[in-house]
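Visitor: Chains as they are written, first to last, in our numbering: chain R, 1 to 322; chain B, 1 to 250.
A portion of the hints provided could be inaccurate.
[Unchecked claim] Using 25 Å as the maximum straight-line C-alpha spacing, the simulated DSS-like pairs for lysine-lysine come out as follows:
#: 1; chain 1: R; residue 1: 316; chain 2: R; residue 2: 6
#: 2; chain 1: R; residue 1: 81; chain 2: R; residue 2: 6
#: 3; chain 1: B; residue 1: 242; chain 2: B; residue 2: 96
#: 4; chain 1: R; residue 1: 222; chain 2: R; residue 2: 6
#: 5; chain 1: R; residue 1: 142; chain 2: R; residue 2: 103
#: 6; chain 1: R; residue 1: 103; chain 2: R; residue 2: 215
#: 7; chain 1: R; residue 1: 81; chain 2: R; residue 2: 103
#: 8; chain 1: R; residue 1: 81; chain 2: B; residue 2: 42
#: 9; chain 1: R; residue 1: 316; chain 2: R; residue 2: 222
#: 10; chain 1: R; residue 1: 81; chain 2: B; residue 2: 82
#: 11; chain 1: R; residue 1: 142; chain 2: B; residue 2: 82
#: 12; chain 1: B; residue 1: 96; chain 2: B; residue 2: 82
#: 13; chain 1: B; residue 1: 242; chain 2: R; residue 2: 103
#: 14; chain 1: R; residue 1: 81; chain 2: B; residue 2: 96
#: 15; chain 1: B; residue 1: 42; chain 2: B; residue 2: 242
#: 16; chain 1: R; residue 1: 222; chain 2: B; residue 2: 242
[Unchecked claim] Part of the chain B face toward chain R, derived, beta carbon under 10 Å:
#: 17; residue: 5
#: 18; residue: 9
#: 19; residue: 18
#: 20; residue: 27
#: 21; residue: 29
#: 22; residue: 33
#: 23; residue: 37
#: 24; residue: 47
#: 25; residue: 50
#: 26; residue: 86
#: 27; residue: 110
#: 28; residue: 166
#: 29; residue: 167
#: 30; residue: 202
Don't read these hints as lab results, they were simulated from the structure. We put the beta carbon where it would ideally sit given N, CA and C, even for glycine.
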Amino acid sequence: MSEGTKPIVEVVELRKEYPGHTAVNGVSFTIPRGGIVGLLGPNGAGKSTILKILSCYMPATSGSVRVGGFDVFREAHQVRKRIGYMPETNPLHLDMRVRDYLKFRARLKGLDSARARDRIATVMDGCGLIDVSRRIIGQLSKGYRQRVGLADAIVCEPDLIILDEPTVGLDPNQIRSVRELILSLAGNHTVLLSTHILSEVELVCGHIIILHEGKVLAADTKDNLLASAASDPRVCAEIQARPDALHDCWTEMDSIDDFDLSPIDNGFVRCTLAPSSGADLRPLVFETARGKGWPVRELTRSRNTLEEVFIQMIRKDLGGQP
Amino acid sequence: MRAYFTLVARELSAYFASMTGYLVISMVLFLLGLSFSEILHKLNVEPTDAPITEQFFVTVYFWLILVLTTPVMTMRSFAFEKSSGTYESLMTAPVKDWQVVMAKFTGSQILYLIAWVPFAGYLAVVGQYSNDMTILTWRTMATTFLGLSLIGSLFISIGCFASSLARSPMVAAIVSYGLVMGLLLLSLRSLGETPSKGWTARVLQYFSMTEHMEDFARGIVDTRYLVLYSSLTVFFLFLTTKIVEIRRWR
Numbered sequence: 001m002s003e004g005t006k007p008i009v010e011v012v013e014l015r016k017e018y019p020g021h022t023a024v025n026g027v028s029f030t031i032p033r034g035g036i037v038g039l040l041g042p043n044g045a046g047k048s049t050i051l052k053i054l055s056c057y058m059p060a061t062s063g064s065v066r067v068g069g070f071d072v073f074r075e076a077h078q079v080r081k082r083i084g085y086m087p088e089t090n091p092l093h094l095d096m097r098v099r100d101y102l103k104f105r106a107r108l109k110g111l112d113s114a115r116a117r118d119r120i121a122t123v124m125d126g127c128g129l130i131d132v133s134r135r136i137i138g139q140l141s142k143g144y145r146q147r148v149g150l151a152d153a154i155v156c157e158p159d160l161i162i163l164d165e166p167t168v169g170l171d172p173n174q175i176r177s178v179r180e181l182i183l184s185l186a187g188n189h190t191v192l193l194s195t196h197i198l199s200e201v202e203l204v205c206g207h208i209i210i211l212h213e214g215k216v217l218a219a220d221t222k223d224n225l226l227a228s229a230a231s232d233p234r235v236c237a238e239i240q241a242r243p244d245a246l247h248d249c250w251t252e253m254d255s256i257d258d259f260d261l262s263p264i265d266n267g268f269v270r271c272t273l274a275p276s277s278g279a280d281l282r283p284l285v286f287e288t289a290r291g292k293g294w295p296v297r298e299l300t301r302s303r304n305t306l307e308e309v310f311i312q313m314i315r316k317d318l319g320g321q322p
Numbered sequence: 001m002r003a004y005f006t007l008v009a010r011e012l013s014a015y016f017a018s019m020t021g022y023l024v025i026s027m028v029l030f031l032l033g034l035s036f037s038e039i040l041h042k043l044n045v046e047p048t049d050a051p052i053t054e055q056f057f058v059t060v061y062f063w064l065i066l067v068l069t070t071p072v073m074t075m076r077s078f079a080f081e082k083s084s085g086t087y088e089s090l091m092t093a094p095v096k097d098w099q100v101v102m103a104k105f106t107g108s109q110i111l112y113l114i115a116w117v118p119f120a121g122y123l124a125v126v127g128q129y130s131n132d133m134t135i136l137t138w139r140t141m142a143t144t145f146l147g148l149s150l151i152g153s154l155f156i157s158i159g160c161f162a163s164s165l166a167r168s169p170m171v172a173a174i175v176s177y178g179l180v181m182g183l184l185l186l187s188l189r190s191l192g193e194t195p196s197k198g199w200t201a202r203v204l205q206y207f208s209m210t211e212h213m214e215d216f217a218r219g220i221v222d223t224r225y226l227v228l229y230s231s232l233t234v235f236f237l238f239l240t241t242k243i244v245e246i247r248r249w250r
């Protein structure tokens with residue numbers, strides 16, 4: 001296989017045991033080159049542990065992990081040359097100035113001084129750090145510190161960028177700007193990020209690995225995951241009518257399999273309707289209401305969200321029942 | 001090697017960006033000043049033909065400086081990185097374990113030598129105002145600095161070792177105080193023994209740092225001392241590297 005088509009990360013039967021509990025229990029997945037991959041899971045699912053093993057900070061108990069074709073245990077130095085890792089706590093030398101810190105990190109990663117100067121200018125521009133380049137890191141806000149961490153991760157142009165919960169603890173504006181920064185990286189690098197925030201994965205990642213209690217529940221592209229979640233799209237309508245009239249009306253219809261009525265304010269009733277086939281019920285509901293002269297103020301069809309997929313999978317894993 | 005030099009520069013800048021560097025230098029200056037005034041006082045009272053360096057190293061100040069400052073210099077080296085989390089970003093950068101250990105050691109060693117520079121000034125002042133030329137020669141000055149850098153390296157390597165074991169700088173400092181004081185007590189005890197009395201006394205004499213330092217201050221360079229201090233330093237640096245490596249295995 002040529003360099004371009006080989007997966008950047010290959011994890012086979014990875015296990016990690018801490019005294020007393022198993023954090024990662026036989027995980028296997030591969031990550032293709034390019035794009036943004038999300039490692040998604042509730043707290044304690046083993047996300048950080050996997051990222052620490054990938055970045056050669058910690059050895060695995062068993063299993064093999066290869067990054068860019070190199071084994072993380074036997075060829076750790078080669079792997080570390082090719083990754084940029086931002087740990088969960090985003091540790092920085094708080095006594096250093098932003099530019100000095102990035103220079104220190106770039107030189108540590110083996111860049112010569114001309115190249116380091118070049119790259120630092122590029123990443124500071126890309127991460128919006130130009131204005132704070134002379135500031136001491138300890139005096140920066142959390143959002144800026146996160147950007148410094150990101151700038152550090154990308155300064156040596158690694159093949160793989162590993163970000164452990166890059167937006168944790170940020171306010172919504174900061175989250176948006178960090179997210180945009182990550183999206184801008186996707187063109188030239190492979191980004192692997194972990195998070196437990198579903199909306200983040202949905203917005204940013206093209207490929208998703210769902211973890212739960214140290215196991216992989218699903219690993220696929222976002223579109224495939226959403227499509228695979230088997231649940232009929234329900235229609236939700238708010239109609240002003242008497243509940244018993246609505247009850248009779250929906251019971252008569254063959255195309256409605258199941259329904260649920262809950263009265264809300266001003267005589268409106270919220271009807272949640274499940275179709276018997278996969279059909280879209282909205283035209284039917286609208287026509288019925290218009291025919292009977294019932295005012296309608298909302299008519300929506302629920303989309304499968306990643307959240308549903310995620311919750312379904314975790315329920316399945318916990319109870320064996322959907 | 002680039003990573004090594006980068007790390008050494010970082011170590012030194014960390015000393016002077018935090019209080020540690022200034023604290024160490026002012027501690028050394030204070031104790032040196034005390035010993036200087038004491039020596040001047042002694043010289044005024046009675047004449048002596050021993051080299052001025054030797055007179056300094058028989059006072060308690062030299063050992064106080066060594067024991068008080070080296071643990072302070074080395075306590076941060078690994079323990080602070082671990083407690084602040086920067087250890088993770090350091091150890092996931094493409095650097096070798098021995099490079100990290102050597103850089104931490106070199107950084108502390110440079111600070112230690114910088115702190116001793118004023119001592120040369122004191123010696124120069126005494127040399128300027130004394131009529132006797134044997135009291136201070138280039139030879140004794142050179143061997144004195146050799147001696148104090150050798151013993152200093154050993155103490156610094158012990159400090160690095162203690163810091164690599166601990167997760168907090170305070171614990172690292174306490175562990176290295178313990179080890180360094182133990183070594184020093186060993187040599188103080190041997191002062192009270194007659195050398196010919198049994199093998200324990202002889203072994204203790206081999207480890208008597210006070211005697212070794214007196215020889216260095218007289219201008220004597222004994223290869224046994226060179227071997228002892230350099231091998232012990234290498235041994236503790238080796239242990240430190242192993243402690244750092246262990247993390248990769250568990």
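Visitor: Should the interface hint for residue 86/B be scored as holding, given a Cβ-Cβ cut-off of 10 Å against chain R?
Guide: 4 Å, holds
Visitor: Close enough to count: is the Cβ of residue 167/B nearer than 10 Å to one in chain R?
Guide: 14 Å, violated
Visitor: Given residue 166/B as an interface hint, is the shortest Cβ-Cβ distance to chain R below 10 Å?
Guide: 18 Å, violated
Visitor: Let's test the interface hint: is any C-beta of chain R closer than 10 Å to that of residue 5/B?
Guide: At 8 Å from the nearest chain R Cβ, residue 5/B passes the 10 Å test, so the hint holds.
Visitor: Interface hint check: residue 18/B, Cβ to nearest Cβ on chain R, cutoff 10 Å. Holds or violated?
Guide: 6 Å, holds
Visitor: Please check whether residue 50/B passes as an interface residue: C-beta within 10 Å of a C-beta belonging to chain R.
Guide: For residue 50/B, the interface hint is violated, since the closest Cβ of chain R sits about 45 Å away, which is over 10 Å.
Visitor: Checking one constraint from the list: CA of residue 103/R to CA of residue 215/R, max 25 Å. Satisfied?
Guide: 39 Å, violated
Visitor: Please verify whether residue 222/R and residue 242/B have alpha carbons no more than 25 Å apart.
Guide: Distance ~44 Å between residue 222/R and residue 242/B Cα, so the pair is violated.
Visitor: For the pair we were handed, residue 316/R and residue 6/R, check the Cα-Cα distance against 25 Å.
Guide: This hinted pair is violated, its Cα atoms lying about 33 Å apart.
Visitor: So if I understand the rule, the pair passes when the alpha-carbon distance is 25 Å or less; does residue 316/R with residue 222/R pass?
Guide: 19 Å, holds
Visitor: Regarding the pair residue 42/B and residue 242/B, is the alpha-carbon distance no greater than 25 Å?
Guide: 48 Å, violated
Visitor: Would the hint on residue 202/B stand, with a C-beta cut-off of 10 Å toward chain R?
Guide: Hint violated; residue 202/B Cβ to chain R Cβ min 46 Å, cut 10 Å.
Going down the numbered hints, you'll see the structure goes against 1, 6, 8, 13, 15, 16, 20, 21, 22, 23, 24, 25, 27, 28, 29, 30, while the others check out.
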